[in-house]
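Chemist: Chains L and S, in that order, give the protein sequences.
For the first sequence, position 263 (counting from the first letter as 1) is numbered 263 according to my numbering, and the numbering increases by one without interruption.
For the second sequence, position 152 (counting from the first letter as 1) is numbered 1152 according to my numbering, and the numbering increases by one without interruption.
To be clear, the hints were calculated from the coordinates, so they are not data collected in a lab.
Watch out, some of these pointers could steer you wrong.
What the hints assert, rightly or not - Result set (PhoX-like, lysine-lysine): computed pairs, CA atoms no more than 20 Å apart in a straight line:
no., chain 1, residue 1, chain 2, residue 2
1, L, Lys236, S, Lys1419
2, S, Lys1122, S, Lys1132
3, L, Lys103, S, Lys1330
4, L, Lys71, S, Lys1157
5, L, Lys190, L, Lys200
6, L, Lys103, S, Lys1434
7, L, Lys8, L, Lys108
8, L, Lys228, L, Lys136
9, L, Lys82, L, Lys71
10, L, Lys57, S, Lys1434
11, S, Lys1073, S, Lys1291
12, S, Lys1320, S, Lys1330
13, S, Lys1402, L, Lys239
14, L, Lys228, L, Lys268
15, L, Lys236, L, Lys200
16, S, Lys1212, S, Lys1402
17, L, Lys224, L, Lys273
18, S, Lys1434, L, Lys108
19, L, Lys239, L, Lys268
20, L, Lys103, L, Lys8
21, L, Lys236, S, Lys1434
22, S, Lys1419, L, Lys239
23, L, Lys85, L, Lys108
24, S, Lys1464, S, Lys1484
25, S, Lys1249, S, Lys1041
26, S, Lys1084, S, Lys1167
27, S, Lys1495, L, Lys8
28, L, Lys82, L, Lys103
29, L, Lys57, L, Lys71
30, S, Lys1402, S, Lys1434
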Amino acid sequence: MSKGLINKILPFSSVDGPGNRTAIFMQGCNFNCLYCHNPETINNCHNCGLCIATCPKGCLLKQEGFVAWNKDQCIDCDNCLKSCKSCSSPKAIWMSIEEVMYKIENTKCFISGITISGGECMLQKEFVTELCEEVKALNLTTFIDSNGSVPFWGDDRLINAIDMVMLDVKAYDSEAHKMLTGKDNQIVLKNLDYLASINKLYEVRTVIVPEVLDNIRTVDMVSKRIAKLNANIRYKLIKYRPIGVRTQLINSYVPTNELMEELYDIAKANGCKNIVII
Amino acid sequence: MSDVKDIIKDTTLTYEQKVLALAKAAENSINVLNIDEETQKYRDEGVICDLFEGNAPYRPRYIVPDYERFLSKGSKFLGLEPPKNIWEATNHLLILYRHVPSITSFPVYLGNIDYLLDRFIKDEEESYQAIKLFLLHIDRTITDSFCHANIGPKATKAGSLILRASKELNTSIPNITLKYSDETPNDFALEAIATSLETAKPSFANHEMFSKEFGNDYGIASCYNGLPIGGGSFTLVRMNLAKLRPIAKNTDDFLNNLLPHVVSKMAAYMDERIRFLVEESGFAESNFLVKEELIAMDRFTAMFGMVGLAEIVNHLLDAKEEADRYGHSKTADELGIRIITRLEEEVNKYNSPYCKFSNGKFLLHAQVGIDTDVNISPGCRIPIGEEPEMLDHIMHSSYFHKFFPSGIGDIFRFDSTVKNNMNYVLDVLKGAMKVGMRYISFYSSDSDVVRITGYLVKRSDMEKLDTGEAVLNGSAVLGLGAVKNQHVLDRKERKE
Ligand code: SF4
Ligand code: SF4
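Build the full structure now, drawing on both the sequences and the hints.
Modeler: Here's what the structure looks like:
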């Protein structure tokens, strides 16, 4: 069985899909979004050791060239994350399917299912598939939170193992998407069409970032596309909030309620029936 | 009698609150109970506390009338025929509520009001008007937060109308509990959750657990006390474990000497209170509730209360760091369980001739504290400010809830964004019930009505009172004390 590199597991989450869900955050992302609010999930740790000295509890140690983390002593002060210059975390750990399932056994009577998020969980697709298969066997639902950069099509085993996907469409135009994330968005848009066509698209999300993105254009185009595919798919418009963000990379602010309402109206006029602002 | 003069001149009391305080002062001016020296010493030290029950018990503390019987038979004493429609039914109940004694003189139990009223629902909008007026009347006349109505477990039209009216009225009274079980449909549970996130009620009782212990004829009264319908509890006295810290030599001494000694003293003291009530006060001989069989003396029990488990555990283990403390460390939690197991054993050794319903036993009760408690956690709760993550918190509660048939509960405060995902709360509720949590309450950070420790008070009432104004709900005083002394508004907000 495969192992997955996991940034953290939240036993209860109210914001990662319907009902209560155990949220599993995978380490590693192929995007580098300017507004990323958990940049410590982007890269795998390369064991430089820089964070070791910043830990007030002495729970980071170099062992045989690797930085090891003593979970039991950790007080989650996140000093280590702040000191890391490589957008990583010494607290990400390799876990087997059994180890993750052991955690889910503890939460299973409290949850509707799990949501695998990240980082970008689809970079560890095999692990995601196996985990979802195990979780479905418990009669729980499996949701994937993805940036859409890895194709969902062409992998029946994966598609059978997952119930729904929550997909980020960060910008509609390729150039803007590259500027924001460092990557093109052709696959993202193809995933949007594909997942909608097989009824596995739970929601589409766009973060609204004043001054940095052409928010109106993205919302206009994405909402038209959603409406054409299935107007009942939820379109979630998320306010940019500078919490946890590398503010040296981005110069923006929380969008006004007026702007959010304007975007809401655009999506509505384009035919979307389920629009949420948060 | 300066006490009496102070009461008369107190401008923060309403007229009615003064009358009740004066009655209490009169009762407390006599001494009729036989209390031995050691017991008195424990009382003086606050180890044993009768929670304002008064010096001369002349009515049971918690009366849980059989309102079903009342609606089907009417009342000779009150001159009421059985009601024929929703207006008569709500009116009859309001009349009876005025005549149900308690230590505050306000009824602590209002009945399973959805089941009581459902048979009278013909026209839905008319019934809604009747129910809304009924609840409004209760809030404005039964001005005490320990007054408790029950609904469920099954969904009814009346149940939905009660939830709708509660949301609209947004009052702190009555407290409401939904008896939750597999028979409660999801949409009804979700209506209840939506209501609780607006107005901090209903709470949720584990129907399966309660009905195993009491049969189906039980009610949730006062804060969260499970009691037999048609009876109730003669008394509630509490043991404050935190006050035993100075005299507990070590864990062994505490468990094997001190605890058994205090239990035996407290049990005898409780029985002395009941003796006076049953044998001397004349309650059973004269009260119409007994004569009309709305209550029967053999359906009564008594509640053995406790507070401060967290404090005694942390003291005995000398636990300073969070990781070593109650609610966080396995050793501490295990000691907590040992203490409660021992407490149960010792309490069960006592045999009261009066508590027929519970075969002579007193039922354990995790008391929610009083307004003047400082740094003493209610029952078996984890101190505010030290709450662990929700999953760990619920699992922790589940270890203790089984010991306390006459009441224990935990409260969770949510960020208001959970209103966008009510199924989240439903999932948590279902899980909590499955792992054996007896009673659980929710409220949202933006709600005006807040759950203090078991009872509800409006923030706006406490603010008024804090500036020296009298407010209708007498319990606002207790709420304000608890806010200041126990930091109840700082309960951990659950956001994830
Ligand atoms: S979060 Fe944990 S590992 Fe990181 S610095 Fe703080 S205590 Fe150390
Ligand atoms: S977490 Fe960052 S700072 Fe720490 S060892 Fe890994 S790469 Fe270096």
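Chemist: Is Lys103 (chain L) within 20 Å of Lys1434 (chain S), Cα to Cα?
Modeler: Holds, because 17 Å separates the two Cα atoms, which is no more than 20 Å.
Chemist: Check whether the Cα positions of Lys236 (chain L) and Lys200 (chain L) lie no farther apart than 20 Å.
Modeler: Holds, at roughly 16 Å.
Chemist: Given the hinted pair Lys1249 (chain S) and Lys1041 (chain S), is their alpha-carbon gap at most 20 Å?
Modeler: Given that 20 Å is the threshold and the Cα spacing comes to 18 Å, the pair holds.
Chemist: Given the proposed pairing of Lys57 (chain L) with Lys1434 (chain S), does the C-alpha separation stay at or below 20 Å?
Modeler: 37 Å, violated
Chemist: Holds or violated: Lys228 (chain L) with Lys268 (chain L), Cα cutoff 20 Å?
Modeler: Holds, at about 13 Å.
Chemist: Given the hinted pair Lys1084 (chain S) and Lys1167 (chain S), is their Cα-Cα distance within 20 Å?
Modeler: 27 Å, violated
Chemist: Holds or violated: are the alpha carbons of Lys85 (chain L) and Lys108 (chain L) at most 20 Å from each other?
Modeler: 37 Å, violated
Chemist: For the pair we were handed, Lys236 (chain L) and Lys1434 (chain S), check the Cα-Cα distance against 20 Å.
Modeler: Violated, at about 33 Å.
Chemist: For Lys228 (chain L) and Lys136 (chain L), compute the direct alpha-carbon distance and say whether it is at most 20 Å.
Modeler: Violated. Lys228 (chain L) to Lys136 (chain L) sits at ~31 Å, over the 20 Å cutoff.
Chemist: Between Lys82 (chain L) and Lys103 (chain L), is the straight-line Cα distance small enough, at 20 Å or below?
Modeler: 27 Å, violated
Chemist: With the threshold set at 20 Å, check whether the alpha-carbon distance from Lys8 (chain L) to Lys108 (chain L) stays at or below it.
Modeler: 17 Å, holds
Chemist: Taking only the CA atoms, is the gap from Lys103 (chain L) to Lys8 (chain L) under or equal to 20 Å?
Modeler: 11 Å, holds
The structure is inconsistent with the numbered hints 4, 8, 10, 13, 21, 23, 26 and 28, although it conforms to all the rest.
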